[in-house]
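These protein sequence lines are chains V and G, in that order. Counting in the numbering used here, the first sequence runs from 126 upward without gaps. Counting in the numbering used here, the second sequence runs from 404 upward without gaps.
What the hints contain is simulated information worked out from the structure, not anything from laboratory work. Among these hints, one or two may not hold up.
Capping the alpha-carbon separation at 27 Å, the derived lysine-lysine pairs in DSS-like fashion look like this [unchecked claim]:
1. V:Lys491 <-> V:Lys475
2. G:Lys416 <-> V:Lys463
3. G:Lys627 <-> V:Lys463
These numbers come from a predicted model, not from an experiment.
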Amino acid sequence: MPVTKMIEPILPVEKLTYLENFGHSLRAASYLYKPSSADEIFDVFKVAKQNHLTVTLRGAGRSYNDAALNGAGIIMDLTRMNKILDWNPETGMITVEPGVTLEKLWQHVLPDGWWPPVVSGTMTTTLGGCLGMNIHGKNNYRMGPIGEHVQEFTALLPTGAVMTCSPEKNGDLFYSMISGMGMLGVFTSITLKMKRVYSGLLRVKAYPVSNLHNHLNEIFLAAPDHDYTVGWLDATAGGSGMGRGQIHAAKYLHEGEDPDPQKTLRVEYQTLPATMFGFFPKASIHYFMTPFFNNPGVKLVNTAKYIAGLRKGEHLQSHAAFHFLLDYVPNWELGYGKNGLIQYQSFLPKETAEATWNEILTISQKKGMPSYLGVTKRHRPDKFLLSHAVDGFSLALDFKITIGSRDKMYAMLQDFDRIVLQAGGRFYFAKNSETSSETALQFLGEETVKRFKALKHRTDPDNLLESNLYRRVFGS
Amino acid sequence: MPSTNRNSATPLKPGKCAIIVGSAKGLGGALARKLAREGFVLGLVDRNSELLVQLCAEINAGNVGQAFPYVQDVTSYEEVPALFQKILVDLGGLDTFIYVAGILLPTTPTTYDFEKDRLMISVNALGALAWFNVVAPVFQALHSGHIVGISSVAGDRGRVGNPGYNSSKAALTTYLEALRNRLSRYGVHVLTVKPGFMDTDMLKSSPRTFWVVSPEQAAEDVYKALRQRRQTIYTLGRWGWIMFIIRHVPSVIFRRLSL
Numbered sequence: 126m127p128v129t130k131m132i133e134p135i136l137p138v139e140k141l142t143y144l145e146n147f148g149h150s151l152r153a154a155s156y157l158y159k160p161s162s163a164d165e166i167f168d169v170f171k172v173a174k175q176n177h178l179t180v181t182l183r184g185a186g187r188s189y190n191d192a193a194l195n196g197a198g199i200i201m202d203l204t205r206m207n208k209i210l211d212w213n214p215e216t217g218m219i220t221v222e223p224g225v226t227l228e229k230l231w232q233h234v235l236p237d238g239w240w241p242p243v244v245s246g247t248m249t250t251t252l253g254g255c256l257g258m259n260i261h262g263k264n265n266y267r268m269g270p271i272g273e274h275v276q277e278f279t280a281l282l283p284t285g286a287v288m289t290c291s292p293e294k295n296g297d298l299f300y301s302m303i304s305g306m307g308m309l310g311v312f313t314s315i316t317l318k319m320k321r322v323y324s325g326l327l328r329v330k331a332y333p334v335s336n337l338h339n340h341l342n343e344i345f346l347a348a349p350d351h352d353y354t355v356g357w358l359d360a361t362a363g364g365s366g367m368g369r370g371q372i373h374a375a376k377y378l379h380e381g382e383d384p385d386p387q388k389t390l391r392v393e394y395q396t397l398p399a400t401m402f403g404f405f406p407k408a409s410i411h412y413f414m415t416p417f418f419n420n421p422g423v424k425l426v427n428t429a430k431y432i433a434g435l436r437k438g439e440h441l442q443s444h445a446a447f448h449f450l451l452d453y454v455p456n457w458e459l460g461y462g463k464n465g466l467i468q469y470q471s472f473l474p475k476e477t478a479e480a481t482w483n484e485i486l487t488i489s490q491k492k493g494m495p496s497y498l499g500v501t502k503r504h505r506p507d508k509f510l511l512s513h514a515v516d517g518f519s520l521a522l523d524f525k526i527t528i529g530s531r532d533k534m535y536a537m538l539q540d541f542d543r544i545v546l547q548a549g550g551r552f553y554f555a556k557n558s559e560t561s562s563e564t565a566l567q568f569l570g571e572e573t574v575k576r577f578k579a580l581k582h583r584t585d586p587d588n589l590l591e592s593n594l595y596r597r598v599f600g601s
Numbered sequence: 404m405p406s407t408n409r410n411s412a413t414p415l416k417p418g419k420c421a422i423i424v425g426s427a428k429g430l431g432g433a434l435a436r437k438l439a440r441e442g443f444v445l446g447l448v449d450r451n452s453e454l455l456v457q458l459c460a461e462i463n464a465g466n467v468g469q470a471f472p473y474v475q476d477v478t479s480y481e482e483v484p485a486l487f488q489k490i491l492v493d494l495g496g497l498d499t500f501i502y503v504a505g506i507l508l509p510t511t512p513t514t515y516d517f518e519k520d521r522l523m524i525s526v527n528a529l530g531a532l533a534w535f536n537v538v539a540p541v542f543q544a545l546h547s548g549h550i551v552g553i554s555s556v557a558g559d560r561g562r563v564g565n566p567g568y569n570s571s572k573a574a575l576t577t578y579l580e581a582l583r584n585r586l587s588r589y590g591v592h593v594l595t596v597k598p599g600f601m602d603t604d605m606l607k608s609s610p611r612t613f614w615v616v617s618p619e620q621a622a623e624d625v626y627k628a629l630r631q632r633r634q635t636i637y638t639l640g641r642w643g644w645i646m647f648i649i650r651h652v653p654s655v656i657f658r659r660l661s662l
């Protein structure tokens with residue numbers, strides 16, 4: 126009998142690990158690499174090519190879907206590349222590595238009187254991820270997505286080429302790598318312009334809206350006069366209260382309005398307290414949320430929240446407290462239980478938004494799967510290749526997953542996709558987890574997809590960069 | 404190069420992944436159909452490519468589940484690591500590994516045939532070991548997973564009828580027990596399945612049969628045991644009682660029996 130030689134398994138199994146999405150509703154096993162330099166990034170590409178594996182870039186892993194997951198492939202975690210390379214407090218220009226988080230960024234610039242021009246609802250996201258998804262904030266209608274504030278970036282392509290891109294130089298790559306889901310190359314340094322602020326505080330106005338029509342109308346009216354506008358929508362309310370909620374509109378303070386900016390610009394002044402009521406550790410709050418995370422429980426909480434918000438008010442709030450609501454209760458997403466949550470966000474032109482969301486909210490309530498949290502924002506279009514923005518509004522809906530409801534919910538979301546597409550709507554690749562390739566093709570248009578694939582062929586001829594997300598929305 | 408066509412799980416279509424070795428027909432085929440009905444994405448391994456492709460086509464024509472075919476003779480041990488890697492990538496992960504491949508070459512209580520014994524050990528035991536040795540480290544690293552081995556009641560005692568078959572299954576049973584002892588501390592579940600008589604091709608060579616279980620029923624039993632994280636099951640279940648007695652028959656009596 127011939128002696129057979131066993132071949133070693135291809136990559137070291139110690140590198141294998143399960144990684145999750147933000148909502149804890151999906152996990153995938155991958156070989157995890159954490160490079161800390163451009164050379165090490167290129168080494169990972171070489172390993173991938175030798176072993177016929179694909180590579181997905183991952184920052185903080187805050188995408189609600191499969192954007193930073195790569196089942197049985199390589200995950201390149203860039204959080205070790207977290208140095209601030211250059212900061213000029215005179216001009217507000219900052220150059221960072223891709224693993225720098227928004228938290229590190231704002232804490233670095235705020236004491237000098239600057240704030241990131243665009244931030245997401247959590248500050249744990251990395252700049253690399255923010256650019257890959259081209260994130261927006263509550264000021265999208267005014268400031269656009271984060272990509273509009275990038276002066277220049279350097280990227281390493283899977284071919285080993287190093288590219289410097291700006292709107293003027295290599296513009297095609299600039300407008301596609303930002304928004305390109307990390308599928309064209311790896312940002313190695315990013316230069317952004319910060320926004321000048323004269324106080325660590327924002328003037329926030331809060332007022333209730335009684336139905337969807339008023340809700341969208343109030344956002345539309347508030348937006349031109351405010352730096353930030355966002356709405357909370359009670360998706361459990363039906364009938365005449367459908368779409369009711371609360372608007373938060375905020376303005377920066379003018380120079381001189383804050384009597385003591387040195388104090389309010391300090392990081393310690395901004396930092397979210399670690400305890401509630403002074404003694405209650407917030408890290409454990411999510412345990413007490415779980416009993417309310419069911420249909421009647423959320424309805425109760427939402428109704429109470431709506432009633433509590435009926436009193437109009439104006440108050441001063443720190444930047445961090447206003448923006449990073451998702452960080453206010455650490456691990457809030459665990460409150461959704463072991464099957465986690467998904468988010469369904471749709472972007473609709475202002476003309477069709479009301480009718481479309483009326484239909485969507487009605488369907489979700491009728492099917493007994495109401496969203497537990499709805500958030501509305503105002504948007505404007507942008508020039509990036511894979512853009513999710515429209516001149517209109519977005520509504521983000523969080524849904525709790527239960528094992529028994531998966532198929533029903535999947536069918537419902539596919540119906541939503543059809544309704545949104547018919548109304549001229551778009552979707553965002555960091556959020557929705559069930560968007561099909563047909564849906565993606567329809568809202569992006571064949572021309573855009575073709576252009577993106579042509580660029581990918583140029584920057585990544587071996588198709589080394591792939592994620593579960595990419596295979597889902599761009600696979601055939 | 405990497406394919407953009409393979410399965411991608413989503414929160415609402417999580418599609419667990421399984422590999423079944425020896426899956427073209429018999430219990431392997433029934434398990435493939437059962438897991439497909441449960442929404443699994445399957446890597447099906449068998450040497451019979453024709454039957455395998457047919458089965459995958461049948462599964463992929465349905466609404467739930469998905470199957471990819473891979474042709475391998477389990478005695479080509481050296482092919483296993485690369486094949487395993489390829490299946491992992493195609494499936495996008497692995498939750499459950501099931502080794503079903505097995506052969507029974509008929510002998511009589513008075514014949515001796517090394518070729519037959521060697522072949523049974525090669526397929527029933529060594530083929531399984533080649534796979535376990537690549538699957539186990541992955542599950543150990545991931546602190547998760549199910550390993551299932553289809554052994555046999557025949558492995559519980561050495562008997563006059565077929566020493567080669569008895570020892571191939573005994574080796575498999577003992578190996579699975581050792582794997583369980585190694586891996587349970589990492590959260591990996593190891594299930595030993597011991598069928599009695601099953602209505603498959605293998606049965607044709609058996610002279611006396613009773614309590615025959617259909618492959619479909621056995622597949623249901625295996626799936627249930629998987630979910631309950633059982634250590635060892637007999638199918639039919641009553642074989643457990645019979646084998647308990649048989650295991651405890653003293654040698655002085657057992658060697659005089661024609662069992």
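Okay, the hints, checked on the actual structure:
Taken as a hint, the V:Lys491 and V:Lys475 pair is honoured in the structure, with Cα atoms around 25 Å apart against an allowance of 27 Å. Distance restraint check for G:Lys416 and V:Lys463: the Cα-Cα separation of roughly 16 Å lies within the 27 Å cut-off, and the hinted pair is therefore satisfied. Of the supplied pair hints, the one linking G:Lys627 and V:Lys463 holds, its CA atoms being roughly 22 Å apart against a limit of 27 Å.
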